[in-house]
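Participant: Line by line, the protein sequences are chains A and B.
Following full-length UniProt numbering, the numbering of the first sequence begins with 1 at its first residue and continues without gaps.
Following full-length UniProt numbering, the numbering of the second sequence begins with 1 at its first residue and continues without gaps.
I should point out that these hints are in silico values taken from the structure, not numbers from a laboratory.
One or more hints might be untrue.
You can't tell identical chains apart in this list, so a pair holds if it fits in one copy or across any two.
[Claimed, not checked] Below, a list of computed lysine to aspartate or glutamate pairs in the DMTMM-like style, where the Cα atoms sit at most 20 Å apart:
1. 35 - 64
2. 111 - 179
3. 63 - 39
4. 35 - 124
What follows is each chain in one-letter form.
There are 2 protein chains.
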Amino acid sequence: MTDLLGEKDKTPRTARGERTRRALLSAAAEEFGEKGFHEGSISGITRRAGCALGSFYTYFDSKDDIFRALVADMSGQVRDYVGPRIAQARDGIDAERLGLLSFLEFARSHKEIYRIIDEAEFVDQAAYRTHYESTASRILVRLREAAARGEVSGEPDEIHAWAIMGMNVFLGLRFGVWDDSRPVQEVAAIANALIERGIGSGGRDGNPDNA
Amino acid sequence: MTDLLGEKDKTPRTARGERTRRALLSAAAEEFGEKGFHEGSISGITRRAGCALGSFYTYFDSKDDIFRALVADMSGQVRDYVGPRIAQARDGIDAERLGLLSFLEFARSHKEIYRIIDEAEFVDQAAYRTHYESTASRILVRLREAAARGEVSGEPDEIHAWAIMGMNVFLGLRFGVWDDSRPVQEVAAIANALIERGIGSGGRDGNPDNA
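Given the sequences, and given the hints that come with them, work out the whole structure.
Facilitator: Now the structure itself:
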């Protein structure tokens, strides 16, 4: 298959092909997570994946290409891990608590995620922006739905979405990747109390003892 | 002057030397801000600074050395820009509003700051951590002082400090560096309303219309 630019479509067409592509992406997460993009190599990736160099080029064009695919893949992995957990929320504020809680869990078990997404700022600026813009958009959609149900007061703004995402990213770095001594439940509860009183419609009185 | 490791102390000892060192750091901010660490070069820095290669080695040992010095310098520049503005705050919550407001101003006029500090995650992990840990520490000290004056309710926690810093970093990226169409006053006011109701002791009722 060839697209309009005359490039071959490298999407796997068999389950076995999909497994090989997935193994290469996991190997790339290890390789770039440990060595970074510049020091990481295609041969390091195929060695970790236990497959031949030819297989690599069946699915990816270059080191840049697999890095770009990896950023999109990790971004999707976060979304797929966090999404179903958020769906169990009591309300729009609880959704943000579960979002942070599950993101902290994800970061603790995928400590390479920061190195990879953050390095995209240098290797592939578009992939970096897309990751954060789509994350912030999902938060804003949730806040607007919560506002429509009367669970969030005032009009949710992009500023709220980026503020909440920024909290999550830095709490994930500090209490997910760097130091996992504090229970994720506790980190999520304290941060969520700030959001609950900050934008919630619950008529709380500003005293955290009542949270 | 030689330190215990036998390395020469390269701190300038004259005003002229200090000016040259400063010119090299400004040139390094441009060079690394535009090209990134890997593509940036010492000759690019000396060309931008209009000084000889020998002058570079009078003040810095290597490309890594000036990068490390640059991260510490930019971290200090933010602190020195934001600090005096925070000192004019009405109270502890207003201090955080002025902190974000002045950081947005700084980011708009120093758009290279993210590329430089963020690249430290890959080039010099210790400098990266130090930048964020010291920023979060300053926020926590301010929150504790505010709590002691009764302006913040509950016990300020590191989690609050990292949450506020994360908000600021992402709002600075989105509304400082990427897009400066929204007034900094507005961004800071909306984010600060979240913090004010979130941790303030003002007995507000959670309705942003009253903020």
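Participant: All the hints need checking, so say for each whether the structure fits it.
Facilitator: Here is what the structure says about each hint:
Within a single copy, residue 35 and residue 64 get their C-alpha atoms as close as 15 Å, and across copies as close as 17 Å, so both meet the 20 Å cut-off. Taking the shortest alpha-carbon separations for residue 111 and residue 179, only the intra-copy value of 11 Å comes in at or below 20 Å, while the best inter-copy value is 30 Å. For a Cα distance limit of 20 Å, the shortest separation of residue 63 from residue 39 qualifies both inside one copy, at 11 Å, and across copies, at 17 Å. In this assembly of identical chains, the alpha carbons of residue 35 and residue 124 lie at most 20 Å apart whether taken from the same copy (17 Å) or from different copies (13 Å).
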